[in-house]
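Novice: Sequence:
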Amino acid sequence: MSFKDAKDVPFTFGVRLGIVFIIQSASLSLLAVTALLLYIVWTSNLFRRSPPARNVRSHIHYYFVNLLISDLIQAIGGIINIKWVKDATVLAGPLCTAQGILKQVGDVGVALTTTVIAIHTVCVLAFLWHPPHKIVAMSILFIWTFISLAVGLGVASHRSQPYYGPTQYWCWITSSFDAERLWLEYFWMYLAAFVNLICYATIALVIKGVIVFDGLKVRIPRKEDRVDHIIATLVETDARQSSAIASQMLLYPAVYIITVSPIAVVRWMAFSGKTVPFAATACAGIVFSSSGLFNVILYTKTRPKLLASRRFMARTTLRLPTEDRNFDLARNVQTRSEHGDTKRLWTELPQLPSRTVPHEV
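Here UniProt numbering is used: the first residue of the sequence shown is 1, the next is one more, and so on.
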């Protein structure tokens with residue numbers, strides 16, 4: 001954390017109580033994330049027994065697993081605070097270094113994975129482009145390679161100095177390395193919040209039919225053409241369903257921004273040399289430590305509905321003639337007027353004669 005270091009200052013009862021609340025939120029995140037990961041492993045075994053079901057598993061499934069792993073690491077880093085509450089102070093040593101590393105790995109892992117999820121979702125829902133499997137693997141590999149380099153190079157280049165150490169209430173990168181704090185963690189957290197906001201706002205506008213992407217060009221559709229650009233290209237739907245899905249998609253950036261904003265404000269205040277009340281630090285830490293819990297709740301409440309819709313859409317496909325193996329998207333939209341402005345949409349999804357094209361979120 002970006003708090004000015006204060007060594008050998010015993011914690012007051014109020015400080016210890018505040019840190020206990022942070023530990024509790026981190027523990028809830030740890031339990032929730034662990035339970036969901038175990039459930040995912042169990043369902044994966046079921047998928048292996050049912051080959052057709054594997055086709056509906058989406059790329060974003062792997063991104064969410066990566067996000068949960070980052071949340072798990074972040075939560076473990078928070079639970080280590082139990083030691084500092086017990087001792088009423090933060091002591092340098094191997095455990096302190098481990099906590100600093102876990103916090104950095106978890107924070108940056110969540111930020112980068114959230115950014116990748118946002119970009120991937122825009123590609124699928126706005127541009128109707130499904131990144132190949134190698135893109136998923138390369139993205140996850142990049143995330144962990146970057147994190148490994150950020151941690152490894154930081155430690156290696158400052159072996160003779162206390163790079164990870166006490167930072168008043170817990171352990172992290174010490175205040176002697178403000179540049180490393182900024183570029184190896186802060187920057188990526190703020191970038192993730194910004195990218196999430198832009199990407200998911202774009203998705204909401206596309207799903208609601210406010211804007212339409214034609215390749216890399218964006219245009220505002222005519223009133224008579226304004227249909228749900230994602231859902232209605234596959235099945236007929238109503239405006240209420242479209243609005244509900246758009247609202248669900250906006251929960252992702254909202255949750256990330258809500259969990260990051262308090263700690264971001266506190267960190268910048270301390271980074272600029274201002275005195276930060278412990279109450280503000282504790283409240284920000286509690287919200288931030290709940291990131292894993294919030295992600296699990298959001299995943300279990302939102303993802304099943306969206307995935308069910310995508311599976312339904314994947315079954316709603318039309319075969320093209322055998323000789324037509326062109327995978328360019330072909331649409332034929334007709335509008336009819338019957339007791340108002342009722343619209344009918346026919347969509348032809350290109351695919352090989354012997355198999356359907358999977359539609360993944």
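One thing to keep in mind: the hints can contain errors.
[What the hints assert, rightly or not] Calculated lysine-lysine pairs in the BS3-like style (CA-CA distance at most 30 angstroms, straight line): (1) Lys-274 to Lys-86; (2) Lys-301 to Lys-134; (3) Lys-83 to Lys-274.
Think of the hints as simulated: they come from the structure by calculation, not from any bench.
Novice: Against each hint, give a clear statement of whether it holds in the structure.
Specialist: Comparing the hints with the structure gives:
1. Lys-274 to Lys-86: holds (28 angstroms)
2. Lys-301 to Lys-134: holds (29 angstroms)
3. Lys-83 to Lys-274: It holds: about 27 angstroms lies between the C-alpha atoms, which stays within 30 angstroms.
Going through the hint list in order, the structure satisfies each hint without exception.
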